[in-house]
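Visitor: What follows is the residue order along each chain.
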Amino acid sequence: MPEAATSFEVREVSGGARVIDIKGDITAQSEDVLMDAHNRASGEGVKAIVLNFSGLDYMNSGGIGQLVTMLVRAQRQHQSVLAYGLSDHYREIFELTRLDDAVGIHSSEDDALAAV
Amino acid sequence: MSEHGTEEQAAARDATSWAKSVSRLNVSEVPEGAVNINVEGKRLASPIQGFGKMWQKTYQVRLPVERVSAVDLIATWKRRFPDFWPKGNAFYGPLTGIEPGDVALLNMALPGKMKLSTGVMVLYADEESFTLMTPQGHVFAGWITFSAAEAEGHTVAQAQVLMRASDPIFELGLTLGGHKQEDIFWDQTLTALAAHFDHEGEVDTKVVCVDNRRQWSRWRNVWHSSAIRSTLYMLGAPGRALRRLFRRDRAVA
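Residue numbers (the working numbering), protein chains in the order written: chain A, 1 to 116; chain B, 1001 to 1253.
Note that these hints are calculated values from the structure, not bench results. Being a predicted model, the structure only gives us computed values, none of them experimental. Keep in mind that a hint or two might mislead.
The following label-pair restraints were derived from C-beta to C-beta distances [claimed, not checked]:
1. B:M1234 with A:G104: 38 to 46 Å
2. A:M35 with B:G1088: 33 to 41 Å
3. B:D1183 with A:G55: 33 to 41 Å
4. B:P1064 with A:G45: 47 to 55 Å
5. A:R76 with B:R1243: 28 to 36 Å
6. B:I1037 with A:S107: 36 to 44 Å
7. A:D88 with B:V1065: 36 to 44 Å
8. B:D1183 with A:R76: 20 to 28 Å
9. B:L1232 with A:S107: 44 to 52 Å
10. A:G55 with B:G1101: 24 to 32 Å
11. B:I1037 with A:N39: 42 to 50 Å
12. A:S107 with B:S1028: 33 to 41 Å
13. A:G104 with B:G1177: 35 to 43 Å
14. B:G1101 with A:H78: 35 to 43 Å
Dumping the calculated SDA-like pairs for lysine to any residue here, alpha-carbon to alpha-carbon at most 20 Å [claimed, not checked]:
15. A:K23 with B:D1014
16. B:K1057 with A:D101
17. B:K1020 with A:D57
18. B:K1020 with A:R91
19. B:K1180 with B:V1208
20. B:K1206 with A:A28
21. A:K23 with B:K1020
22. B:K1053 with A:Q75
23. B:K1180 with B:P1086
24. A:K23 with A:D88
25. B:K1020 with A:V13
26. B:K1053 with A:A74
27. B:K1113 with B:F1185
28. B:K1053 with A:H78
29. B:K1057 with A:R73
30. B:K1053 with A:D101
31. B:K1057 with A:D32
32. B:K1078 with B:E1128
33. B:K1078 with B:E1152
34. B:K1053 with A:V72
35. B:K1053 with A:R98
36. B:K1053 with A:M70
No residue lacks a Cβ here, since even glycine has one placed at the ideal position from N, Cα and C.
Here chain A stands alone, though its shape is the one from the complex (with noise of 0.2 Å):
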């Protein structure tokens, strides 16, 4: 199956965060991609990973599914997962598939890191 045309880039923005900014399409090919940024976020003590949706161009219902295995890996390293920069449109697929109960949706990098 192809690759899907995606980009994450970690950025290290406090000594608990990191910033992972999504470039590109969100679906179940991104599987790799999505696992390998996190895991180049996820060093010794970081307690947060902030998701920069700002980027994003297109998310399927797998894509969906990618993020909630990320999700599940950042509770398991007791990592809080936070998100900004969603259109109306995606914020609304967050709410209909509620994973807003359990990632924290903010309208800025700045308010997001302030919930950290």
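Could you slot chain B onto chain A? The hints should help.
Guide: Only chain B this time, still in chain A's reference frame:
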């Protein structure tokens, strides 16, 4: 096409593929034979809201690409979805096929001639895949994604379940044979799908435990259990029949 145009096209395709946001499920019509006791007014439940261990189960069957393309396979699967289910189970969906936001009622066969009445909502559907999500009280909290892709001269049809048992009773049931029963269910479904295209396919099954912890804070999900509610509904059948008879007699008199 410009970059802007491409983005617009992607956004439009995405928007029409997802169901509209709903807080509670609504069943517009109850077909004959279906029972709507565990769907109306229920919320959807993702694996995050479930109780049991989290599993990803993948079932695949390969067909020669000359028999059917991925897009045609998904079109057929959506249009004739109930036809491929094993005998004894019923899927009461719209006759038009699978569309985002559709709610379907299900009667599932359980051991001991028990029937489990539950349902699903079509969370997502496009030309290559579609996803059904479960409501509160279903056997599991999660979704099933049906997809097809072409690779190395084959069309690979796939059903992938991402799930946690909804409550402690279902977790016990799945551990004591329910998981095996589910594997058989999807094996038979994919075999029937392949047979529709005149192919005798062997189904590959891959099961991964994504999270082996149980979410004990979710034990109260048992309140919504479709198993308990379906059992109570079946036990109440003689009483309902008597009441109907009594009402009819009174109307005639």
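Visitor: Are the hints correct? Go through all of them and say.
Guide: Quick rundown of the hints versus the structure:
1. B:M1234 with A:G104: 38 to 46 Å: Hint holds: Cβ distance 43 Å, inside 38 to 46 Å.
2. A:M35 with B:G1088: 33 to 41 Å: holds (39 Å)
3. B:D1183 with A:G55: 33 to 41 Å: Between D1183 (chain B) and G55 (chain A), where Cβ atoms are some 39 Å apart, the hint holds.
4. B:P1064 with A:G45: 47 to 55 Å: Roughly 53 Å apart at Cβ, these two residues keep to the hinted range, so it holds.
5. A:R76 with B:R1243: 28 to 36 Å: About 52 Å separates the Cβ atoms of R76 (chain A) and R1243 (chain B), which means 28 to 36 Å is violated.
6. B:I1037 with A:S107: 36 to 44 Å: For S107 (chain A) against I1037 (chain B), whose Cβ atoms are near 41 Å apart, the range 36 to 44 Å holds.
7. A:D88 with B:V1065: 36 to 44 Å: At 39 Å between Cβs, range holds.
8. B:D1183 with A:R76: 20 to 28 Å: Holds, since D1183 (chain B) and R76 (chain A) (Cβ atoms, about 26 Å apart) stay within the stated range.
9. B:L1232 with A:S107: 44 to 52 Å: holds (46 Å)
10. A:G55 with B:G1101: 24 to 32 Å: Given a distance of about 28 Å, which is inside 24 to 32 Å, the answer is holds.
11. B:I1037 with A:N39: 42 to 50 Å: holds (45 Å)
12. A:S107 with B:S1028: 33 to 41 Å: Once the Cβ atoms are compared, 36 Å apart, the range 33 to 41 Å for S1028 (chain B) and S107 (chain A) holds.
13. A:G104 with B:G1177: 35 to 43 Å: About 39 Å separates the Cβ atoms of G104 (chain A) and G1177 (chain B), which means 35 to 43 Å holds.
14. B:G1101 with A:H78: 35 to 43 Å: holds (37 Å)
15. A:K23 with B:D1014: holds (16 Å)
16. B:K1057 with A:D101: violated (24 Å)
17. B:K1020 with A:D57: Since the Cα atoms of K1020 (chain B) and D57 (chain A) sit roughly 19 Å apart, the hinted pair holds (cutoff 20 Å).
18. B:K1020 with A:R91: holds (12 Å)
19. B:K1180 with B:V1208: Holds: K1180 (chain B) and V1208 (chain B) sit about 14 Å apart, inside 20 Å.
20. B:K1206 with A:A28: Holds. K1206 (chain B) to A28 (chain A) sits at ~16 Å (cutoff 20 Å).
21. A:K23 with B:K1020: violated (24 Å)
22. B:K1053 with A:Q75: Holds, at about 14 Å.
23. B:K1180 with B:P1086: Holds, at roughly 15 Å.
24. A:K23 with A:D88: OK: K23 (chain A) and D88 (chain A) at ~17 Å, within 20 Å.
25. B:K1020 with A:V13: This hinted pair is violated, its Cα atoms lying about 35 Å apart.
26. B:K1053 with A:A74: With a Cα-Cα distance of about 16 Å, the restraint between K1053 (chain B) and A74 (chain A) holds, given a limit of 20 Å.
27. B:K1113 with B:F1185: holds (16 Å)
28. B:K1053 with A:H78: With Cα atoms ~17 Å apart, K1053 (chain B) and H78 (chain A) stay inside 20 Å; holds.
29. B:K1057 with A:R73: Holds: K1057 (chain B) and R73 (chain A) sit about 17 Å apart, inside 20 Å.
30. B:K1053 with A:D101: With a Cα-Cα distance of about 18 Å, the restraint between K1053 (chain B) and D101 (chain A) holds, given a limit of 20 Å.
31. B:K1057 with A:D32: Holds: K1057 (chain B) and D32 (chain A) sit about 18 Å apart, inside 20 Å.
32. B:K1078 with B:E1128: holds (10 Å)
33. B:K1078 with B:E1152: Violated, because 24 Å separates the two Cα atoms, which is more than 20 Å.
34. B:K1053 with A:V72: holds (11 Å)
35. B:K1053 with A:R98: Roughly 18 Å between the alpha carbons, so the hint for K1053 (chain B) and R98 (chain A) holds.
36. B:K1053 with A:M70: With Cα atoms ~15 Å apart, K1053 (chain B) and M70 (chain A) stay inside 20 Å; holds.
Hints 5, 16, 21, 25, 33 from the earlier list are contradicted by this structure; the remaining hints agree with it.
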